[in-house]
Amino acid sequence: MTATQAPGKSVGAPISRVEGHLKVRGAATYAYEHRLDEPAYLHPLQSTIANGRVAKIDASRAEAEPGVVAVLTHENAPKLEAVGDAELEILQNGEVGFRGQFIGAVIADTFEAARYAAGLVEIEYEERETDADFRPDRDDLYTPEQLNAGFEPDTSVGDVDGALASAAVKFDATYTTPREHNNPMEPHSSIAVWDEGELTLYESTQGVYWTQNTIAPLFGLDAEKVHVISPHVGGGFGSKGLPHANVVLAALAAMLVEGRPVKFALTRHMMFSVAGYRTPTIQRIRLGADAEGKLSAICNDVVEQTSKIKEFAEQTGTSARMMYDSSNIQTTHLLAALDVAVPSWLRAPGEAPGMFALESAMDEMAIECDLDPVEFRIMNEPEKDLESGLPFSSRGLVACLREGAERFGWDGRNPTPRSERDGRWLVGTGVASSVYPVFSMGGNAATIRADSDGKYVVEIGAADIGTGTWTTLGQIAADELGVSFEDVEMKIGDTKFPNASGAGGSSGITSWGSTLVEAARSLREKIEAEHGGNIPDEGVEASAKMPKNPHRKEYAMYAFGAHFVEARVDEDTGEVRVPRMTSVFAAGRIINAKTARSQFMGGMVMGLSAALHEESVLDTRFGHVVNHDFAEYHIPTNADVGELDISWIEEDDPYVNPMGSKGIGEIGIVGSAAAVANAVYHATGTRVRELPITPDKLIS
Amino acid sequence: MKLECKVNGENREADGVREGESLLYILRERLDLPGSKNACEQGECGSCSVYMDGMLVCSCLVLAGQAEGREIVTVEGLADENELHPVQKSFIEAGAVQCGFCTPGLIVATHDLLERNAKPSDVEIREALAGNLCRCTGYEKILDAVKLAAAKNGNGA
Ligand code: FES
Ligand code: FES
Numbered sequence: 001m002t003a004t005q006a007p008g009k010s011v012g013a014p015i016s017r018v019e020g021h022l023k024v025r026g027a028a029t030y031a032y033e034h035r036l037d038e039p040a041y042l043h044p045l046q047s048t049i050a051n052g053r054v055a056k057i058d059a060s061r062a063e064a065e066p067g068v069v070a071v072l073t074h075e076n077a078p079k080l081e082a083v084g085d086a087e088l089e090i091l092q093n094g095e096v097g098f099r100g101q102f103i104g105a106v107i108a109d110t111f112e113a114a115r116y117a118a119g120l121v122e123i124e125y126e127e128r129e130t131d132a133d134f135r136p137d138r139d140d141l142y143t144p145e146q147l148n149a150g151f152e153p154d155t156s157v158g159d160v161d162g163a164l165a166s167a168a169v170k171f172d173a174t175y176t177t178p179r180e181h182n183n184p185m186e187p188h189s190s191i192a193v194w195d196e197g198e199l200t201l202y203e204s205t206q207g208v209y210w211t212q213n214t215i216a217p218l219f220g221l222d223a224e225k226v227h228v229i230s231p232h233v234g235g236g237f238g239s240k241g242l243p244h245a246n247v248v249l250a251a252l253a254a255m256l257v258e259g260r261p262v263k264f265a266l267t268r269h270m271m272f273s274v275a276g277y278r279t280p281t282i283q284r285i286r287l288g289a290d291a292e293g294k295l296s297a298i299c300n301d302v303v304e305q306t307s308k309i310k311e312f313a314e315q316t317g318t319s320a321r322m323m324y325d326s327s328n329i330q331t332t333h334l335l336a337a338l339d340v341a342v343p344s345w346l347r348a349p350g351e352a353p354g355m356f357a358l359e360s361a362m363d364e365m366a367i368e369c370d371l372d373p374v375e376f377r378i379m380n381e382p383e384k385d386l387e388s389g390l391p392f393s394s395r396g397l398v399a400c401l402r403e404g405a406e407r408f409g410w411d412g413r414n415p416t417p418r419s420e421r422d423g424r425w426l427v428g429t430g431v432a433s434s435v436y437p438v439f440s441m442g443g444n445a446a447t448i449r450a451d452s453d454g455k456y457v458v459e460i461g462a463a464d465i466g467t468g469t470w471t472t473l474g475q476i477a478a479d480e481l482g483v484s485f486e487d488v489e490m491k492i493g494d495t496k497f498p499n500a501s502g503a504g505g506s507s508g509i510t511s512w513g514s515t516l517v518e519a520a521r522s523l524r525e526k527i528e529a530e531h532g533g534n535i536p537d538e539g540v541e542a543s544a545k546m547p548k549n550p551h552r553k554e555y556a557m558y559a560f561g562a563h564f565v566e567a568r569v570d571e572d573t574g575e576v577r578v579p580r581m582t583s584v585f586a587a588g589r590i591i592n593a594k595t596a597r598s599q600f601m602g603g604m605v606m607g608l609s610a611a612l613h614e615e616s617v618l619d620t621r622f623g624h625v626v627n628h629d630f631a632e633y634h635i636p637t638n639a640d641v642g643e644l645d646i647s648w649i650e651e652d653d654p655y656v657n658p659m660g661s662k663g664i665g666e667i668g669i670v671g672s673a674a675a676v677a678n679a680v681y682h683a684t685g686t687r688v689r690e691l692p693i694t695p696d697k698l699i700s
Numbered sequence: 001m002k003l004e005c006k007v008n009g010e011n012r013e014a015d016g017v018r019e020g021e022s023l024l025y026i027l028r029e030r031l032d033l034p035g036s037k038n039a040c041e042q043g044e045c046g047s048c049s050v051y052m053d054g055m056l057v058c059s060c061l062v063l064a065g066q067a068e069g070r071e072i073v074t075v076e077g078l079a080d081e082n083e084l085h086p087v088q089k090s091f092i093e094a095g096a097v098q099c100g101f102c103t104p105g106l107i108v109a110t111h112d113l114l115e116r117n118a119k120p121s122d123v124e125i126r127e128a129l130a131g132n133l134c135r136c137t138g139y140e141k142i143l144d145a146v147k148l149a150a151a152k153n154g155n156g157a
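Sequence lines, in order, name chains E and G.
At position 465 of the first sequence (counting the first as 1) the number is 465 in this note's numbering, and the numbers step up by one without a gap.
At position 155 of the second sequence (counting the first as 1) the number is 155 in this note's numbering, and the numbers step up by one without a gap.
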């Protein structure tokens with residue numbers, strides 16, 4: 001299905017991904033698979049305590065093992081620059097800040113030799129008491145200076161307490177979401193090679209330049225001395241955005257064997273301690289409304305976790321600031337800093353847990369107000385973004401709710417819980433809204449070369465982590481160049497191409513695409529002005545940086561969506577099934593109908609997974625995740641997924657970027673867990689406010 | 001130890017193999033066949049699926065020594081560069097591939113299913129792919145791809 005697209009008509013078409021033929025043959029080269037001579041294999045040493053220091057480390061038995069090339073510990077590790085990032089500045093002393101932290105590595109000729117020898121290293125610790133207990137009543141909770149992505153921790157508009165006191169209908173409940181792990185199928189992998197003071201990293205990363213810019217200063221290098229190569233990435237979902245300590249460990253180890261490539265892939269087990277995760281959250285939601293159901297107060301007070309060694313503050317409460325209309329809105333964030341691994345980005349950090357709580361609460365409030373939950377949301381639609389005071393560049397929530405209700409067959413729903421059953425199954429339906437900001441990230445540039453045979457080569461250090469970038473950027477470039485898709489060759493995933501931001505915050509297409517449009521325009525102008533409209537024999541190229549979007553100051557920019565879910569709950573066992581889900585999105589212009597659908601769907605299913613399956617269980621005595629594999633940390637299999645109906649509304653938004661598109665990597669996950677929880681309530685009459693909704697919570 | 005087996009129709013051998021190395025490791029690191037993926041290393045995800053003497057196995061659970069003298073077929077052995085197998089084509093067309101890390105395992109598992117059952121029902125498809133995890137796609141397009149391959153009379157092997 002790579003039928004030729006007419007010039008200028010690529011965007012929107014359901015073009016099959018261009019690298020698909022490599023992936024289905026097992027021929028796409030992921031980070032660990034680059035063919036290099038004489039690689040050495042790394043197996044890490046990980047701390048078995050959560051707090052303390054390495055008192056003694058004896059590697060002599062490991063070093064004597066056949067095949068072992070070197071053992072890296074804090075005693076012989078090369079010095080790193082102090083950049084103020086204790087997650088990354090590993091092996092500089094014996095300090096341990098969380099269980100599983102890297103305290104060394106064995107490098108050997110084969111992986112099994114390294115793994116075996118790692119077990120021969122004798123380590124003694126001086127242990128301090130472990131404090132890994134995440135509770136909202138701790139007396140050491142604190143307000144961070146800012147949240148992830150630079151959001152304010154606390155906001156207050158109007159007088160929430162006064163509005164709550166005088167509200168005709170009041171609601172106050174606390175929701176919790178557990179620690180969750182990204183678990184891309186490809187474990188984080190690196191091959192590191194040093195050559196004459198320059199470092200090459202074959203990486204599984206969401207951004208080659210993000211990796212370069214993080215790693216270079218640690219090793220005291222100018223950025224251009226670190227080369228990052230990452231053509232194909234086996235998923236990331238945020239965990240390969242900010243580089244983690246595994247990259248530093250591989251680079252340190254490679255220094256000990258200069259010239260020899262060192263290969264290091266995390267095992268699935270290791271991913272639960274060193275690859276980032278979503279903080280558990282505790283959210284107290286308070287809502288007030290008048291007798292008609294108009295909201296007068298919205299409040300989300302969040303408590304969440306961070307690591308003592310490095311702060312990460314998820315922006316859990318931000319969606320409550322702009323989602324619904326109210327004159328009084330308050331959000332707060334408190335952190336508990338513990339002896340735990342460092343939390344990080346997981347698909348829709350902030351919105352995913354925040355909208356589980358808010359959208360569950362909206363369902364509960366609709367019931368309190370005796371209103372249909374779709375209508376309740378629509379009647380509380382704001383006119384503008386209440387946080388910034390700006391108008392929305394476009395806001396398709398109402399259209400999504402109406403369209404979704406229609407497709408799902410919502411009308412005529414009996415609001416009474418437990419009103420429908422099918423044999424032993426209690427059947428219910430639920431709805432929830434979705435939102436995700438249209439982020440754009442700086443530091444992008446692109447080069448496009450035209451050859452006299454009418455072919456174009458487009459270079460930008462962008463990333464494809466499964467999202468479809470190889471294809472979608474080609475579509476955008478082709479249309480702007482006025483040529484057919486087949487005439488454009490993309491080059492991405494390498495720091496030898498121009499500077500680019502990474503795949504994160506659903507910002508990729510906005511940032512890279514805007515840059516390509518600018519570069520294509522420059523190239524066309526150049527061909528026109530300097531070559532009379534014809535590409536010269538020797539070819540011609542033009543480069544451009546991402547232009548500033550003047551509308552950013554004028555409009556608030558978000559994508560929206562609505563999820564409708566049917567849940568069936570076995571009355572005796574508490575088993576929950578979701579046979580169908582309908583989601584409608586308002587995300588501007590869709591660049592590629594095929595890859596977009598996949599993005600939406602993957603997000604929805606990850607939300608379904610959060611609703612029913614995912615929960616990392618921490619042993620607070622020792623600070624480790626007990627269920628650190630797929631046998632016990634459950635993600636959906638095909639049996640967990642029923643019929644998924646996905647569509648999007650036509651949305652013409654001239655302000656977001658030159659393509660009129662909004663990022664779609666995250667909007668699918670937001671709200672989908674709440675839609676499931678709301679449907680489970682409708683089926684059973686039991687409101688579960690603690691994710692995941694496991695059978696034990698339904699059969700009390 | 002030394003290991004000899006047939007892989008994708010060719011006699012291959014690996015020297016200096018350590019007890020404890022898995023067939024997956026041999027394929028990926030010693031025989032230059034990285035198509036089979038390592039995503040869990042303990043039989044939970046199906047990313048490493050290959051045929052051993054015609055049986056679908058998780059190669060991460062097969063010890064190297066167990067592969068001695070056996071016939072292995074990996075995803076790389078299902079088609080050549082110039083002509084994809086109908087199962088492979090269907091995965092691309094249906095949009096069943098995203099990051100692609102689960103894909104080789106799913107391709108082999110689907111190939112196996114259609115060898116045994118040219119026209120599987122929905123339930124049979126779901127059952128056959130129950131051991132393959134995918135974190136990206138939400139599965140629906142994968143199921144579509146299998147149906148598409150079956151409809152194309154996909155079993156060209
Ligand atoms: S890697 Fe073999 S089943 Fe997961
Ligand atoms: S496509 Fe990424 S895991 Fe399946």
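Quick caveat, the hints were computed from the structure, so don't treat them as lab data.
All values derive from a computational prediction rather than experimental measurement.
Where a beta carbon is used, it is the ideal one built from N, C-alpha and C, also for glycine.
A couple of the hints might just be wrong.
What the simulated footprint calls covered on chain G by chain E, stretch by stretch (three residues with Cβ under 8 Å from a Cβ of chain E suffice, anywhere in the stretch; the number is not a length) [said to hold, decoys possible]:
(1) 19-28
(2) 41-53
(3) 59-71
(4) 101-115
(5) 139-145
Tested hints:
| no. | hint | result |
| --- | --- | --- |
| 1 | 19-28 | holds (count 4) |
| 2 | 41-53 | holds (count 5) |
| 3 | 59-71 | violated (count 0) |
| 4 | 101-115 | holds (count 5) |
| 5 | 139-145 | holds (count 5) |
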